[in-house]
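Visitor: What follows is each chain in one-letter form.
Protein chains: 2
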Amino acid sequence: MKTPLCERFGIEYPIFGFTPSEEVAAAISRAGGLGVLGCVRFNEPDELDAVLEWMHENTDGKPFGVDVVMPAKIPTEGSKMDLDAMIPPEHRAFVERTLDDLGVPQLPDGGDRVNTGVLGWLHSVARSHVDIAMEHTRKYGQIKLIANALGSPPEDVIGIAHDNGVAVAALAGAREHALHHLDAGVDIVIAQGYEGGGHTGEVTSMVLWPELVDAAGEAPVLAAGGVGSGRQIAAAIALGAQGVWMGTYWLTAAEYNLGAHKPGEPSTVQQALLAATSRDTVRRRIYSGKPARLLKTAWTDAWDAPGAPEPLPMPLQNLLVGEAHARISASDDPKVVAMPAGQIVGRCNEITPVEKLIDGLVSEYREAVARMNATLD
Amino acid sequence: MKTPLCERFGIEYPIFGFTPSEEVAAAISRAGGLGVLGCVRFNEPDELDAVLEWMHENTDGKPFGVDVVMPAKIPTEGSKMDLDAMIPPEHRAFVERTLDDLGVPQLPDGGDRVNTGVLGWLHSVARSHVDIAMEHTRKYGQIKLIANALGSPPEDVIGIAHDNGVAVAALAGAREHALHHLDAGVDIVIAQGYEGGGHTGEVTSMVLWPELVDAAGEAPVLAAGGVGSGRQIAAAIALGAQGVWMGTYWLTAAEYNLGAHKPGEPSTVQQALLAATSRDTVRRRIYSGKPARLLKTAWTDAWDAPGAPEPLPMPLQNLLVGEAHARISASDDPKVVAMPAGQIVGRCNEITPVEKLIDGLVSEYREAVARMNATLD
Numbered sequence: 007m008k009t010p011l012c013e014r015f016g017i018e019y020p021i022f023g024f025t026p027s028e029e030v031a032a033a034i035s036r037a038g039g040l041g042v043l044g045c046v047r048f049n050e051p052d053e054l055d056a057v058l059e060w061m062h063e064n065t066d067g068k069p070f071g072v073d074v075v076m077p078a079k080i081p082t083e084g085s086k087m088d089l090d091a092m093i094p095p096e097h098r099a100f101v102e103r104t105l106d107d108l109g110v111p112q113l114p115d116g117g118d119r120v121n122t123g124v125l126g127w128l129h130s131v132a133r134s135h136v137d138i139a140m141e142h143t144r145k146y147g148q149i150k151l152i153a154n155a156l157g158s159p160p161e162d163v164i165g166i167a168h169d170n171g172v173a174v175a176a177l178a179g180a181r182e183h184a185l186h187h188l189d190a191g192v193d194i195v196i197a198q199g200y201e202g203g204g205h206t207g208e209v210t211s212m213v214l215w216p217e218l219v220d221a222a223g224e225a226p227v228l229a230a231g232g233v234g235s236g237r238q239i240a241a242a243i244a245l246g247a248q249g250v251w252m253g254t255y256w257l258t259a260a261e262y263n264l265g266a267h268k269p270g271e272p273s274t275v276q277q278a279l280l281a282a283t284s285r286d287t288v289r290r291r292i293y294s295g296k297p298a299r300l301l302k303t304a305w306t307d308a309w310d311a312p313g314a315p316e317p318l319p320m321p322l323q324n325l326l327v328g329e330a331h332a333r334i335s336a337s338d339d340p341k342v343v344a345m346p347a348g349q350i351v352g353r354c355n356e357i358t359p360v361e362k363l364i365d366g367l368v369s370e371y372r373e374a375v376a377r378m379n380a381t382l383d
Numbered sequence: 007m008k009t010p011l012c013e014r015f016g017i018e019y020p021i022f023g024f025t026p027s028e029e030v031a032a033a034i035s036r037a038g039g040l041g042v043l044g045c046v047r048f049n050e051p052d053e054l055d056a057v058l059e060w061m062h063e064n065t066d067g068k069p070f071g072v073d074v075v076m077p078a079k080i081p082t083e084g085s086k087m088d089l090d091a092m093i094p095p096e097h098r099a100f101v102e103r104t105l106d107d108l109g110v111p112q113l114p115d116g117g118d119r120v121n122t123g124v125l126g127w128l129h130s131v132a133r134s135h136v137d138i139a140m141e142h143t144r145k146y147g148q149i150k151l152i153a154n155a156l157g158s159p160p161e162d163v164i165g166i167a168h169d170n171g172v173a174v175a176a177l178a179g180a181r182e183h184a185l186h187h188l189d190a191g192v193d194i195v196i197a198q199g200y201e202g203g204g205h206t207g208e209v210t211s212m213v214l215w216p217e218l219v220d221a222a223g224e225a226p227v228l229a230a231g232g233v234g235s236g237r238q239i240a241a242a243i244a245l246g247a248q249g250v251w252m253g254t255y256w257l258t259a260a261e262y263n264l265g266a267h268k269p270g271e272p273s274t275v276q277q278a279l280l281a282a283t284s285r286d287t288v289r290r291r292i293y294s295g296k297p298a299r300l301l302k303t304a305w306t307d308a309w310d311a312p313g314a315p316e317p318l319p320m321p322l323q324n325l326l327v328g329e330a331h332a333r334i335s336a337s338d339d340p341k342v343v344a345m346p347a348g349q350i351v352g353r354c355n356e357i358t359p360v361e362k363l364i365d366g367l368v369s370e371y372r373e374a375v376a377r378m379n380a381t382l383d
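Chains as they are written, first to last, in the working numbering: chain A, 7 to 383; chain B, 7 to 383.
In short, the hints are calculated from the structure, not lab data. Please note that the accuracy of each hint is not assured.
Since the list gives no way to pick one copy over another, a pair counts as held whenever it fits inside one copy or between any two copies.
Mimicking SDA-like on lysine to any residue, the simulated pairs with C-alpha atoms at most 25 Å apart in a straight line are [to be verified]:
1. K341 x A308
2. K362 x T381
3. K145 x A180
4. K341 x E182
5. K302 x L185
Use the sequences and the hints to build the structure in full.
Guide: Put into C-alpha cells, the structure is as follows:
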C-alpha cells in the first residue's frame, strides 16, 4: 500500500489518522501511518506544548501532524465576555433545561472546566496552536503536516508552514473549496464526503473524491468520510486519492482515553459508539454552528424536538454548548453523548489497539486488490 | 471486468443499466451490459407489451431486465377517483399556483395525458407489468431479471419469476432491508446509497455497499448510487460488490429520447442535467411521497419555500403531482424540471452514445486496477 505520499512523509502507509488523543496519534505514527493530533481541545498554549513534547517522546522519531480549526476569514472576535453577551437568554435556558431533563449532572468542580474545547475554535487560540507546532518542528523536525479543518488557512500561516518544511492540508466538501485551497497555496486537499464525522457538505465520498481528484490536478487528495476498512482504502485509491484521512475509526481504539470512564472499561462515549449502527448519526449545526455529523443521541434528539431553538452561528454555538459538552463528557450515560462521528461508526464494534487496526486495514486492502485483479480478462 | 454475474446473465460486463427508455436499455444490452427497462411510466398493459416486443427486435437476442415499483404490502388502493378524493384541496391549489408562477403551460391536448407515469405506482398496475414480462420471457427467453425499486416483491411474484428462470433483485438502502429481501427469496441485493437518484436512505454508498455485501453473505450485491465512471465501478468491486447498477448516467445518453425536445437537440431535461453539478440535487418526498433524490430546480425550490404544504404519503403524492409532471415534461424550460437524478449528475456533461459510455467505463476501470497494482509492495 504505497503511494507517492509515503515517500514524501516518510511513512509506511498512506493512512492519515486524525484524533484528539495524543495516545492514539502516537500509536498511528508508530504503526506506520501519520498520526494527526486535533488541537481544538487545547485552550492554553502550555497544554499543547506539553502534549507535543509527549508526542515527541512516544513516536520513536516518526513523523506526525497537527490539525487546527482556523477560518481564513477572521470571525468577529473579542473577549469571551463580549461573545457571551451575543447569546440569547432563551438559548441558554433551553440548554440548561435540556441538560436537566436528560439528567446530566453539574460538573464536580463547579464549572472550572466550562471552557474545555471552546476557545480552540477562536482564531487567536488556533493561531497560537500553529506557533507552538512550528516551534516543535524547528526543535525536533517531526511535525510534517498541518491540517485545517475549516476553510483555507490564512496566507501567512501557509507561508510559515512552508518555511518550516511543513506541508499544509485543508478539508474540502465541494469542488469550489478545493480550488480555493489550492489557489491559497494548500499542498494537499482532504476531500471529506457527506458521510464523514464533523463538518461535511452534501456531496458524498463516492462522488466527491474523484471530482476533487480531477479538480486538484497534480496536488494529492486524501479521501475522508466513510473510511473504516481496507476495502474502503482500496476504493479511495481506485477513485484516484493518494491516501485516506480517517477520524471516527480511531475513537474505539484501545489507546483512546479521553472522556469519563471506569478503570479498564470503555468510556461512556466509546460505549455509545460501539452500540451505534451506520444509521445512528445526524448532520446538524448544533455542535459548532456549521453542519457537522454527530452521533445521534438523546442530546441531538432534544435539538430536533419541536420548540428547540435554531442553532447560533459559529463561534457562538460553541460558546453556548461548551459547558454542556463538558458536563456531558464528564457524565456516564451512553444515551446522552455529544460527539462528532461519521456513518462508519457502524463498523466500530470492538475496542482494538491501533496497531491491530492498521494491520487489519493493510491486509484487507491487499485482498481487495487481489479481488479486482481476478476481474480482469 | 468479469464477475460471476457475467456468466450467470450471459453478459460481457457486470454493468446493470436502469432506464425508462427502451432505446437506451436496448443499447446497454447490445453494448455488453444488462439494460433494465423501468416500467413505472406504462399505464396500459398494451403499451408495455409493445415496448418489450420492440426490445426483443432491437437487442440481437441479448438479455435484458425490467424494473417495476411494487410494494410487498399492498397499499390502500381503489379506483383513481377514490384516491383523488383523499387529496386535500389546498395541495391541489398549491400545485396549480406553482405551475402558473413558474410559467408551465397547460398540456396541449387538454389533459388527456394527466395519468402519464402515475398509475404505474399502483400495485395492480405494477402486477400487470410482471405478468407481461413473464409472458415475454416464456416467448423469447431474453428477460433475465426483474428488479423491484420499492421493498421486497410479493412472495408469489418471486415464485413466478423463479419458475420462469428470471432472477429477482430489489433495492435496499439499509442492512435491515437487504436481510428482509433475502428472507423473502430475492436473489440479488441492489445497495442504493444516499447519493443515488430516486428513492434512497441516509447511508451513503461508501458505507452501505460493504455493509450490505457483508450482510448478504453468498448473495451478490449490485452497487448503486454515485456510479458514473470506471473508477467508481472499480470502487464498487473493491468494496465487494459483484457489479454496478447505474441510472442517472444514462439520462444524457444520445439514445435517450423521452421528454420534450426540438429535433436534433438535447431535451429540456437533458439540458438541465448537462448544466447541473454534483451539488444540484435534493432529497425530498415531493416526487412520490417517499424520500427520493431529484434534480434541484425551480420546482423543488417551490416545495422548499415557506408556506409550501407537506408532501402527501405514497401513492397520493404521485396522483397529486402526476399532471404537474406531465405538464413540466412537455414544457421547454430547463430551470423547471421534475426529474429524479443522483449526485453523479455532475459527471453528465455531454450527450454521448451508450456504446461510447460503456467503452469509457471499461477502459477507466482497467486504469484504476492498474493504479491499485502500482501501490502493492
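Visitor: Which of the stated hints cannot be reconciled with the structure, identified by number in ascending sequence?
Guide: Number 3 only.
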